[in-house]
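Chemist: Spelled out from the first residue to the last, the chains are:
There are 2 protein chains.
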Amino acid sequence: MRGTIIHGPGDVRVEDREDPTIQKPTDAIIRVTAACVCGSDMWPWRGIDEIQDPRPMGHEYVGVVEQIGDDVRNVSVGDFVVGSFMASDNTCEICESGFQSRCIQGEFATPGGAQSELLRVPLADGTLVATPGQPDPKLIPSLLAASDVLGTGWFGAVAAQAGPGKTVAVVGDGAVGLLAVLAAKELGAERIIAMSRHESRQKLAREFGATDIVEERGEDGVAKIKELTDGYGAHSVVEAVGTQESMLQAIHSARPGGHVGFVGVSHDVSLPGETLFAAEVSLLGGPAPVRRFLPELIQLIWDRKIDPGRVFDLELPLGEIAEGYKAMDERRAIKALIRP
Amino acid sequence: MRGTIIHGPGDVRVEDREDPTIQKPTDAIIRVTAACVCGSDMWPWRGIDEIQDPRPMGHEYVGVVEQIGDDVRNVSVGDFVVGSFMASDNTCEICESGFQSRCIQGEFATPGGAQSELLRVPLADGTLVATPGQPDPKLIPSLLAASDVLGTGWFGAVAAQAGPGKTVAVVGDGAVGLLAVLAAKELGAERIIAMSRHESRQKLAREFGATDIVEERGEDGVAKIKELTDGYGAHSVVEAVGTQESMLQAIHSARPGGHVGFVGVSHDVSLPGETLFAAEVSLLGGPAPVRRFLPELIQLIWDRKIDPGRVFDLELPLGEIAEGYKAMDERRAIKALIRP
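Residue numbers (the working numbering), protein chains in the order written: chain L, 4 to 343; chain Y, 4 to 343.
With the rest of the complex left out, here is chain L:
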């Protein structure tokens, strides 16, 4: 099969690789219908995350089950499935509490990289969710979004306790931030403030449900949020960047007693205890337990109630994936969908 390997900063290549095989009776092999490039893939691509050895890339996927291990019960060959980037048994105490991203048996769901033709998924029963039938091709981008960026934005909004009567601010206008706006809207938030200075992203944020746009960043952005909320700050803030500035912007934008959901993968962030103590906001973040939300998100997409696939503004065949990385790095594209 063909699959994507990163060799160094700015150097991703599509190569011939061994087909994955069932290694444990709980594995499934899927034929990838669509995959994509993640904002977090930019970290190694930009050389910020060190690349020790060439490694496969991609952790977002939808596809058709091609083979299952002997113990797999919940999905069958031929099913169209969506999975998370984290494999989970979906039965341990941590999974049952809704944190499948931290399953006691958990491991990465895409050891061979999802930006490829075939993919082995561990713990298939607890990781993969079949759609109600073979999907209308128009739904593929949205189902793919559910695999990570929608699930992650949704978790950010849930962790920030977005809901009726709440003012929600979203720091970050990448795909996750934009989909946190959509999530906040679906969760019933009264007011949604998108922090963005890019016109096309502002437009999509408004279409997803943002009621206000704030272009200022850092402490100026905080001041603007305070101004918009009678001096109190937002009830809920979603952080979808992962830098020191964005984390502090998020924490300071929330009112005391408010909630910050942080889903941007942290890079060189260090939070002073005194800042957290003084802010008195609830902080919850980490890799999103996408599996918790998948059944609900798939149904919303299936019923055409949400259209998160709109974050894909570039579509490429697998062989041209390097252009997807470049376009995202240069912010020419919000997110690139890849067809193997």
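By construction, these hints were calculated from the structure, which means they are not laboratory data. Note that the structure is predicted; figures quoted are calculated from it, not measured. Note that beta-carbon positions come from the ideal geometry of N, C-alpha and C, so glycine has one too. Keep in mind that a hint or two might mislead.
[To be verified] Facing chain Y, according to a computed beta carbon distance under 10 Å, are these residues of chain L, among others:
1. E96
2. I97
3. S100
4. G115
5. G260
6. S269
7. H270
8. V272
9. S285
10. L286
11. L303
12. W305
[Claimed, not checked] Restricting the straight-line Cα-Cα distance to at most 20 Å, the calculated cross-link-like pairs of lysine to aspartate or glutamate (DMTMM-like) are:
13. L:K308 - L:E189
14. L:K229 - Y:E96
15. Y:K188 - Y:D223
16. Y:K229 - L:E96
17. Y:K206 - Y:D310
18. Y:K227 - L:E96
19. L:K229 - Y:D310
20. L:K227 - Y:E96
21. Y:K229 - L:E189
Fit chain Y to the known structure of chain L by using the hints.
Modeler: Structure of chain Y alone, referenced to chain L:
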């Protein structure tokens, strides 16, 4: 009147000072029946918090209202009252959401220091809570505890979402930690693990409701908590120290999806974003909104259902307060009660 002033590390003196007077129509003056020395008073006493100028000490108090401003409606002259260390209007959006410690009009409730004979309390209506009548003198220590250490331990347990079916770990065996144990018990926790290596404190922790004692600290303490919880970690952890080690111990002792309530005043704490991202626990802390809990706590004390005053193991007249600071610094006393 006589009041306590700190002049430098290890140097607290009881001095003759001006009687406080009503400065705003929302103020009240109370005659202090009992005050005490707080764990947080140790920071300046030990020279860890810099003392720029001599300043009055004490922020925990019960007493009798001696005078009220023209706008005060909720307490009357002669009432026995308990107040928090933070003044609050108890009507703003932040107060209404239960975060009176961060009232939009908030200020310190004890500008003149509570370790004194008389005290001016701002925003008396929203800050002070009158007891159902003049209390039995035996209840004074417990009512005084409600003013801070009980309210703070209670907030820690609530922030950590202690409750039925939960395993709660408490880091710190000072008065706040011990009362977090009591709070967890009252909130219905199934299992309460007190982390302490002091025999007398372990004993009190058990009497307050601890089911297990862990003597190990740091990563060894974390390993022990994991061992006691089938490898998952505690559902709820209360941090009641405020150091880097204790914060990391608390965060790592909680299971993914669990909750950490941190109420130890942070000193030189810096939390790596990566650690928080990987831990995937909810974090909430800060100055406790004691006012939220006061009516309930006063009633529990009044009805003899809880006896938090047991944390006071030293009682001194105001003139001997310096010995209270010394005894607490040397850990000869858990907490010193002062009678002006």
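Chemist: Indicate, hint by hint, whether the structure satisfies it.
Modeler: Evaluation of the provided hints:
{"no.": "1", "hint": "E96", "result": "holds (6 Å)"}
{"no.": "2", "hint": "I97", "result": "holds (5 Å)"}
{"no.": "3", "hint": "S100", "result": "holds (5 Å)"}
{"no.": "4", "hint": "G115", "result": "violated (23 Å)"}
{"no.": "5", "hint": "G260", "result": "holds (4 Å)"}
{"no.": "6", "hint": "S269", "result": "holds (3 Å)"}
{"no.": "7", "hint": "H270", "result": "holds (7 Å)"}
{"no.": "8", "hint": "V272", "result": "holds (3 Å)"}
{"no.": "9", "hint": "S285", "result": "holds (4 Å)"}
{"no.": "10", "hint": "L286", "result": "holds (4 Å)"}
{"no.": "11", "hint": "L303", "result": "violated (23 Å)"}
{"no.": "12", "hint": "W305", "result": "violated (28 Å)"}
{"no.": "13", "hint": "L:K308 - L:E189", "result": "holds (9 Å)"}
{"no.": "14", "hint": "L:K229 - Y:E96", "result": "holds (14 Å)"}
{"no.": "15", "hint": "Y:K188 - Y:D223", "result": "violated (25 Å)"}
{"no.": "16", "hint": "Y:K229 - L:E96", "result": "holds (14 Å)"}
{"no.": "17", "hint": "Y:K206 - Y:D310", "result": "holds (15 Å)"}
{"no.": "18", "hint": "Y:K227 - L:E96", "result": "holds (19 Å)"}
{"no.": "19", "hint": "L:K229 - Y:D310", "result": "violated (42 Å)"}
{"no.": "20", "hint": "L:K227 - Y:E96", "result": "holds (19 Å)"}
{"no.": "21", "hint": "Y:K229 - L:E189", "result": "violated (37 Å)"}
The structure is inconsistent with the numbered hints 4, 11, 12, 15, 19, 21, although it conforms to all the rest.
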